[in-house]
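Undergrad: Below, each chain spelled out in residue letters.
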Amino acid sequence: MNDFLRPILIIAWKDVLLELRTKEVVTSVFMFALLAIITFSFAFEPSPQTLVLVAPGILWVAFTFAGVLGFNRSFALEKENDSLDGLLLCPVSRDVIYFGKLLGIFFFMLVMEAMLLPLFAVLYNLPVLDIKLLLVAALATLGFSGVGTLFSAIAVNTRSREIMLPVLLLPVASPLVIAAVESTRATLDGATWGEIGRWWGLLIAYDMVFLIVSSFVFGSILEE
Amino acid sequence: MTNTSSTTPTAALQVRALQKAYGLKPVLRSLDLELSPGQRYVLFGGNGSGKTTFIKCLAGLSRPDEGSIAIAGMDTRRQGAESRRMVGVVTHQPLLYEALTGLENLRFYGRMFGVPNLEERIKTVTAQLDAARFLSARVHTLSHGMKKRISLSRALLHDPALLLLDEPETGLDEEALGLLDRVLETTADRRRTVLMVTHSLERGMAFADQVGVLSGGRIAYQSTTRGLDAAAFRRTYHGLLGAAQ
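Here the protein sequences line up with chains A and B, keeping their order.
Taking my numbering, the leading residue of the first sequence gets 1, the next gets one more, and so forth.
Taking my numbering, the leading residue of the second sequence gets 1, the next gets one more, and so forth.
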């Protein structure tokens, strides 16, 4: 395995091991998203037509805010004993640390989504287990995890990080969330691959731009 | 790992005109320092004199505003990852993950540094520091002194050519301090360059080949310990602390 990929996997595995011990990230993220989806399912009683309009928003609101919780917890674990400094002492470039943290967070988000999507399908009676929708979820989650990792690193050194993170992250992530909601709606509405192409384009472009830019600026953020 | 076996004449550490400020408050003002391989340098200084900031700059945790740092000839800005491979750092915090065991922490750092024969190396280092007996416990269940021993093991695991110790005596009992001294005195470790920052004049002078006093953001006084009059040095030190305040 090459020198770039190996430490990324070591960092991500360390985060998985930490999560297996603490169960803080997946539990908090899953519970929040589950509660949001259940609450909305009681709040609305839409017709089948309006359900397609409302459900994508509910799904992505749940994923987005649950994700913010997860990002906060993931970096809070790095602040205990200044473990983040320990990572920075390692002989790897800062972008390796960024991609390692990103991979861990991306994995936790996917686990949460894999648990919630079947529940969502049952509660809202929608065919969400569709290959197009799963690809949308993967692309949007990757981009969201990418900016989330960056802004968590910024917020973790502030006094009120729980407040700072959503304030910083959500405006930047809004194009991604909008693209995710629109492509989910179009998929549920039976759109073809070509019809949702522009939203896919936005998701892919967003992912590429933010992953590259974030990996470059991550080091400057972490060093005092 | 053979970092310490290098016989290159290159300075182990070369610091030139280092400057660092937090906001408008300058902490380090054009600080120069050069250490040769195997040298033991102890830096004294009062609270807020910039000792920890200096260590953080050397370790790559803090970005200097001006100046340069070279470790074994490698510029820490241009060759950050390579230069960090040569450095072991012990700070006030143990830099360990609380939810993992000591062994899992050491395995993680060992893998990140690419330590060969990792399990064997962990056994050797933790045995030297008498830390092996609590390696299977999760870090959050350990006392401060136990964490510190694992932290020292972490710093020595990759056999660094340069060891940075920021007040290592904090949280260590006399027995653990004795173990640390013995580890640093072994034949292999006598080749290692050590820069220690401490408040303890007795301990620092007993350990060092050369001592310095950080005051006003610069090394205001520097001397070899051979033939150094302890009482005179103490007066100089307190004089510089008083002048800085």
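It is possible that part of the hints are untrue.
[What the hints assert, rightly or not] Just the calculated beta-carbon pair ranges, DEER-fashion:
1. A:I221 x B:D130: 46 to 52 Å
2. B:G145 x A:I221: 51 to 57 Å
3. B:R138 x A:G194: 30 to 36 Å
4. B:R226 x A:T22: 48 to 54 Å
5. B:G145 x A:F42: 28 to 34 Å
6. B:D209 x A:S174: 56 to 62 Å
7. B:A137 x A:T27: 51 to 57 Å
8. A:S28 x B:R138: 52 to 58 Å
9. A:F4 x B:A137: 30 to 36 Å
10. A:N157 x B:G48: 56 to 62 Å
11. B:E174 x A:T39: 34 to 40 Å
12. A:I163 x B:A232: 37 to 43 Å
[To be verified] Every beta carbon over 10 Å from chain B, so not counted as near; a handful from chain A, in silico:
13. L18
14. R21
15. F44
16. P46
17. V54
18. L69
19. L88
20. C90
21. P91
22. L103
23. I154
24. E182
25. S220
Quick caveat, the hints were computed from the structure, so don't treat them as lab data.
Predicted, not measured: the structure shown is a model, and the values here were computed from it.
Ideal Cβ positions, reconstructed from N, Cα and C, are used throughout, including at glycine.
Undergrad: Each hint should be assessed against the structure and marked as holding or not.
TA: Consistency of the hints with the structure:
1. A:I221 x B:D130: 46 to 52 Å: 39 Å, violated
2. B:G145 x A:I221: 51 to 57 Å: 33 Å, violated
3. B:R138 x A:G194: 30 to 36 Å: 53 Å, violated
4. B:R226 x A:T22: 48 to 54 Å: Distance hint for R226 (chain B), T22 (chain A) holds at roughly 52 Å.
5. B:G145 x A:F42: 28 to 34 Å: Because 54 Å falls outside the window, the suggested range is violated.
6. B:D209 x A:S174: 56 to 62 Å: Since the Cβ atoms of D209 (chain B) and S174 (chain A) sit about 59 Å apart, the hinted range of 56 to 62 Å holds.
7. B:A137 x A:T27: 51 to 57 Å: For A137 (chain B) and T27 (chain A) the Cβ distance comes to about 24 Å; the hint is violated.
8. A:S28 x B:R138: 52 to 58 Å: 20 Å, violated
9. A:F4 x B:A137: 30 to 36 Å: 34 Å, holds
10. A:N157 x B:G48: 56 to 62 Å: Violated, at about 20 Å.
11. B:E174 x A:T39: 34 to 40 Å: Once the Cβ atoms are compared, 59 Å apart, the range 34 to 40 Å for T39 (chain A) and E174 (chain B) is violated.
12. A:I163 x B:A232: 37 to 43 Å: 55 Å, violated
13. L18: 5 Å, violated
14. R21: 4 Å, violated
15. F44: For F44 (chain A), whose nearest Cβ neighbour in chain B is about 40 Å away, the distance exceeds 10 Å, so it holds.
16. P46: The claim holds: P46 (chain A) sits with its nearest Cβ about 43 Å from chain B, beyond 10 Å.
17. V54: Label holds. Min Cβ-Cβ 40 Å, cutoff 10 Å.
18. L69: Its Cβ never comes within 10 Å of chain B, the nearest being 18 Å, so this holds.
19. L88: At roughly 6 Å from the nearest Cβ of chain B, L88 (chain A) sits no farther out than 10 Å, so the non-interface label is violated.
20. C90: Given that some Cβ of chain B is not farther than 10 Å from that of C90 (chain A), nearest at about 4 Å, it is violated.
21. P91: 4 Å, violated
22. L103: 15 Å, holds
23. I154: Answer for I154 (chain A): holds, closest chain B Cβ roughly 16 Å.
24. E182: 40 Å, holds
25. S220: Violated, since 8 Å does not exceed 10 Å.
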